[in-house]
Amino acid sequence: MSLLQMENISKTYSGNQVLKSVTLNIKAGEIHGLLGENGAGKSTLMNILFGMPVIHSTGGFEGNMTFDGKPYLPKTPMDAMKMGIGMVHQEFMLIPGFTITENIKLNRENTKDTFLSKIIGPKLEKLDLPKMKEESKEALNKLNMTVDEYLPVAGLPVGYMQFIEIAREIDKTNLKLLILDEPTAVLTESEAAQFLEVIKNLSNMGIAILFITHRLDEIKQVTDSITVLRDGSLVKSIETKNVDIVEMARLMVGREISFETSNKKEIDLDEKPFLELKDLYVNMPGEKVKGVNLKIQKGEILGLGGLAGQGKIGISNGIMGLYPTQGTILKDGKEMPLNNPREMLNNSIAFLSEDRKGVGLLLDEPIDFNIAYTSIEIQEKFIKNIGPLKIVNGKEIKSHANKMIEDLDIRCTGSNQYTRFLSGGNQQKVCIARALTLNPEILLVSEPTRGIDIGAKKLVLDTLVKLNKELNMTIIITSSELAELRQISDRIAIITEGKVQSILPPDASDEAFGLAMAGKDISEVVD
Amino acid sequence: MDIKKIYEKIGFPRLIISTFLIILLITAATLKLPMSGIWQDIFTRFGMNAILVLAMVPSIQSGIGINFNLPLGVIFGLIGALISIELGLTGFASLFVALIVAIPLAIIGGYLYGLMLNKVKGQEMTVGNYFGYSIVSFMCIFWLVAPFKNPELTWAMGGSGLRVTLSMESSMGGVLDKFLAFKIGNVVFPTGLILTFILLASIVWVFSKSKKGTAMIVAGSSEAFAASNGVNVDKQRIIGIVLSTVLAAIGIIIYSQSFGFLQLYNAPLYVALPAAASILIGGATLQKAKIIHVIIGTFLFQGLLVVALPVINILSEGSMAEIIRIIISNGIILYALTRKAGEAA
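Each protein sequence line maps, in turn, to chains A and B.
Take the first sequence: its position 332, counted from the start at 1, is 332 in UniProt numbering, and no numbers get skipped.
Take the second sequence: its position 166, counted from the start at 1, is 166 in UniProt numbering, and no numbers get skipped.
For the record, the hints were derived by calculation from the structure and aren't laboratory data.
Careful: at least some of the hints might be erroneous.
To be verified - For each label pair, taking beta carbons as the anchor points, the in silico distance ranges come out as:
hint, chain 1, residue 1, chain 2, residue 2, range
1, B, F138, A, Y323, 35 to 45 Å
2, A, N339, B, I22, 56 to 66 Å
3, A, T146, B, L334, 53 to 63 Å
4, B, L115, A, K126, 47 to 57 Å
Yeah, the Cβ is synthetic: ideal placement off N, Cα and C, and Gly gets one too.
Use the sequences and the hints to build the structure in full.
Here you go:
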C-alpha cells in the first residue's frame, strides 16, 4: 500500500512542458531517491507535491494525487503540512536572530492563556517557553544532536542548520513524509555520514523520506527505491538493490543525441597550450572555484559542464576578473594580470556573461550602441578625431549594427530599439554581435542558450562553431546543457566541487558523464 | 500617432504643468497684465537658472542621480565672485576672474566629494543632501571670519564678517544680460546670458558624445556592464560629480551677475531643490538626463513662477505664489522618486 501516489502528472510553464505524465509512488516508511539532472523536473514535481503558490499562479497542473488513501490536492504549503508532509529546502529557511527553539517552534509555538487573550482572543496568548524548550530538545535528541537549544541560529555551522530544519519538521506530530531537497550539498563528509544515519533512524520510526540529491553513492547507500527523471519524463522507477551506480548515471544522463558530429578537430595536447589556468581560485558566490588546472589549445572549443553550484560558471568569470580570483593565468606563455577585466580585453579575451540582462547588456540603450560599445572603449573603433576630441561616430555604429542585425537575423524594429524590449534569443544575438565586433582570440561564453527558444539556440551554436572554424577563434563554452556541449565542443571538462573532475571527449559514454557530474571517475567505480 | 502615444510621450507631469502654464498665461492676458514684462522675465530667469539645472546632467549620467549637493559648487562660485569684488574689478574682467578662481576650487572640491560618494554607493542622494547642509553651515562660520576688507563686502557699521546680501552693481552686475542685448517691442532679450547657456550646454553635449563621455554614461547605466567592459566605474563617477560641481560654481556666478546680488550664508541651500525639480519636469529620470530635459524643464518651471506670481497675487491674498512654487518643486521630486527604472518621470 503506497503512502503517496502521484499519477500522470503534467505541468506546463507558459507553453513549455516541464513535466510529461510523471508517476511517482512512495511506500510508508521507505526512503525513496529522486534523481535527475538540472532541469529534469525534480523541483517542479516537488513544488506540485508541496502545493507551492507558483504552481497555481501559472495555471495549475494535470494528473491525480492520493496521500494516505485520500485524494490530495494541496493549494498552499499549509495544506501539505496539515496532511503530514514536511519539506527541508535547499536554502535554509531559518531566522538567524532567533534561538534554535524559536526556529523549531516557529508559528507552532506552545502557548498559555493570559487575561488579554481571554478578552481579545488566542492571538495574544503567552509563549510557554519551558514546554517549547522541552519539545525542541526531544526533536533534537531524535537526531542525535547535542546542541544547546537556547543558542541563536546565527553563527552555527551550516551542518547544524540543516539538522535544525529537520528537527522542525519531525517536531510536527503528524509527520508522515519528509522531502529533503539536496540536503547533503552543504555538509562536510562526516556531517553527511551522520546525516544519512539520521535519515535511516527516521525511516525506522515510520516516516517516509523522499531524498533528492545528485550524489549517487548516497542514493545507493540509504534508499530503498529510486525514481529517475530526465527532461520532464519518467525514465524508470526501480528498487535500489537491482541497480548499480553506473546504471543510475546512464539513466540520468542518457539521451538520444542527434549530434551531427560537426567534424571535431583532433586536439594535439602535446603542443604548448594557448591558455593555461594554474591553481585557479574564484570567489564567486554560489559558484566557487577551488583550484582548477586546465590547458586550452589554440583553436579548440572547450566545453565546461557540471551541475549547478559546482563552480563551472565561476571559471570564465574568474578569468575575466569579475570576481576575486587567485592563481595563475597564462596566455601564450605570458602571465595575465588577475582581477582586471580591461587588461583581459586588451589581451584579446572577450566574455559573454550568463547574466545577460545584468552584465551582458545595457537595457536602456539602443541595439547599435550595445553592439559597438566594447570596441569603442577597448579598440577605439567607431571614433572620429576632431582636433583633440575623440567623438563617437554614430553613423558608422548604425551601419555596422544594421549589418549585424542582418547577418545574425536579430528580430527588432530597428537598430535604435532598446535591448530591454528584445526577446531572450535576440538579446543573446546582440551580445554575440558585440563579441564579433571585437573579434577576440579567445571567447569565453557562459550559458549562451539559457532561456532562449530552439530556433535561436541553433543559430547561436552554429555561429559559435562558425567563428571557431573561420576565424580560428578559441572558444570556452560553459553550459548546463550537456547535449549542447557534446554537440559543439572538441573536449568537455566536467567541474565538480570547484575542481576539474575529468576531461572527456564529446562521444564518451553517458555513464562517464553521469559519474563525473556525481564526482566519481568511471575507472574507480568499475574496478 | 494616437492620443495615448502622444500622452505617453509628453508624460503626466509635463502635461499638468504646461496646461497650468497656458491657463495662467491666458489669465494674465485677460487681466491686462503687461505681457512684455512677463516674457522678458521668463527669458532672463531661464538664462539665470538653466546652468544650475545643467549641473544635474553629468551627475545623473554618471549614475549618482540628482546632485543634491549643488551647494558645494555654489560656495566655490561665491568665493570666486567675492575675491573678484575684493580686488575691485569691474565688468567682464571681474566676471572672468571670478570664474578663473572658482573653477579650480570646484574641481578639487568635487574630486574630494566624489571620493566620499564612492564609499556610499546607492545612497548618494541622501548623503548629498546632508553634506549640502553641513557645508553650508560650515561656510556660515567662514563668511564671518574671512579676511575680506572691501567695504562693499563687509557690514556697513564695521566689525568683521561679510554681509548677507551683497550688491554687484559696481562689479559684474548684468554684464552678460546686457551683452549683445536687443529689443523686440518692449522685450529686451538677454543675448549674452542665453549664449553662455548655449555654450556650456554644447560642451556638455559634445562630452556626452565623446569616448570619455560614453564611458561615463555606461558606468552610470549599469555598473556590472561597465566593469565587464573594463571601465573604471569609480573614476567615471568622480568625473561626473566634478563636472556637476564646476557647472554649479559657474551657474551661481552667472545667476548672481544677472540677479545683481550675491547671497551668502543660508542662501546656497535653496539652489538644489528647484534645479532638481526643473530637470525632472523636463523629462529626466534618476537614470537618464539629456540637454533637452534641461531646456524644457527650466522653461516650464521658471515660466510658471514668473506668470503665477502676478496672476495669483491679483486673484488671492498674500504669498500664494511662493507656496505654489514649493508645492510644485517638492511634489515633482517626490513623484520622480517613486518611478522605477525605465519609466519616464
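Status of the hints after comparison with the structure:
| no. | hint | result |
| --- | --- | --- |
| 1 | F138(B) to Y323(A): 35 to 45 Å | holds, 41 Å |
| 2 | N339(A) to I22(B): 56 to 66 Å | holds, 57 Å |
| 3 | T146(A) to L334(B): 53 to 63 Å | holds, 56 Å |
| 4 | L115(B) to K126(A): 47 to 57 Å | holds, 54 Å |
This entry satisfies every hint, going by the numbered hints stated previously.
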